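So the sequences go chain by chain: A and B.
For the first sequence, the numbering used here begins at 1 and goes up steadily by one.
For the second sequence, the numbering used here begins at 1 and goes up steadily by one.
Don't read these hints as lab results, they were simulated from the structure.
Among these hints, one or two may not hold up.
Below, a sample of chain A positions facing chain B; criterion: calculated Cβ distance under 8 Å [as the list claims (entries may be wrong)]:
#: 1; residue: G42
#: 2; residue: Y48
#: 3; residue: N108
#: 4; residue: G115
Keep in mind the model is a prediction, meaning the values are calculated, not measured.
We put the CB at the ideal spot given by N, CA and C, even for glycine.
Listed below, chain by chain, are the residues.
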Amino acid sequence: DAGVIQSPRHEVTEMGQEVTLRCKPISGHNSLFWYRQTMMRGLELLIYFNNNVPIDDSGMPEDRFSAKMPNASFSTLKIQPSEPRDSAVYFCASSLRMGLAGGPSAPNIQYFGAGTRLSVL
Amino acid sequence: SQQGEEDPQALSIQEGENATMNCSYKTSINNLQWYRQNSGRGLVHLILIRSNEREKHSGRLRVTLDTSKKSSSLLITASRAADTASYFCARRMDSSYKLIFGSGTRLLVRP
Chain A
1 DAGVIQSPRH
11 EVTEMGQEVT
21 LRCKPISGHN
31 SLFWYRQTMM
41 RGLELLIYFN
51 NNVPIDDSGM
61 PEDRFSAKMP
71 NASFSTLKIQ
81 PSEPRDSAVY
91 FCASSLRMGL
101 AGGPSAPNIQ
111 YFGAGTRLSV
121 L
Chain B
1 SQQGEEDPQA
11 LSIQEGENAT
21 MNCSYKTSIN
31 NLQWYRQNSG
41 RGLVHLILIR
51 SNEREKHSGR
61 LRVTLDTSKK
71 SSSLLITASR
81 AADTASYFCA
91 RRMDSSYKLI
101 FGSGTRLLVR
111 P
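All chains should be modelled from the sequences, with the hints used to inform the complete structure.
Following this line, the structure appears as structure tokens:
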């Protein structure tokens, strides 16, 4: 298996521009997570999906951020308009969630992509 | 904060020595996991310990969990230069499927 695939690996853009980050989860996985990593704040969960449905978006910082998962093999994270403080490494991760409502037996072992390093000038 | 604390923030040891990293948390958990992150890469799952377990081993890794103290430790024995990385603990709480990651420990193993 190719693992979780993210694109682009690096993105440099100017303030005010729209940025779209892409993620292809591991085939067969039904949960997908978007994280942001910075030196100051560490690894923050932005949003996660289960069976393509957003379950928890409480970590999405502002309305400028949006995420979609149109099918089981693709997700996007969009920032519009981008700001310099959005500069960070964005990770996508996937896992296989078994059982009802991810009960006690569902461990949630996550597999991460290589990340997208975003620089907003 | 739900993140809890990891200590030390940074650790430098000689190759062959053991490395111990600690993780504390505040709320009850379903399981606790440890991940490694090499520079410029994504996180990689290392080991998982459930709330009803006290110790687990995987190769040179040993994880302990003390739910009464809400703490866990990761021991890497006979360290190698290739173990140089950041190590994160992550908690899955009973009340939610998501993981809460700690701030990480940066480990440097000197050849």
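Does the structure break any of the earlier hints, and which numbers would those be? none
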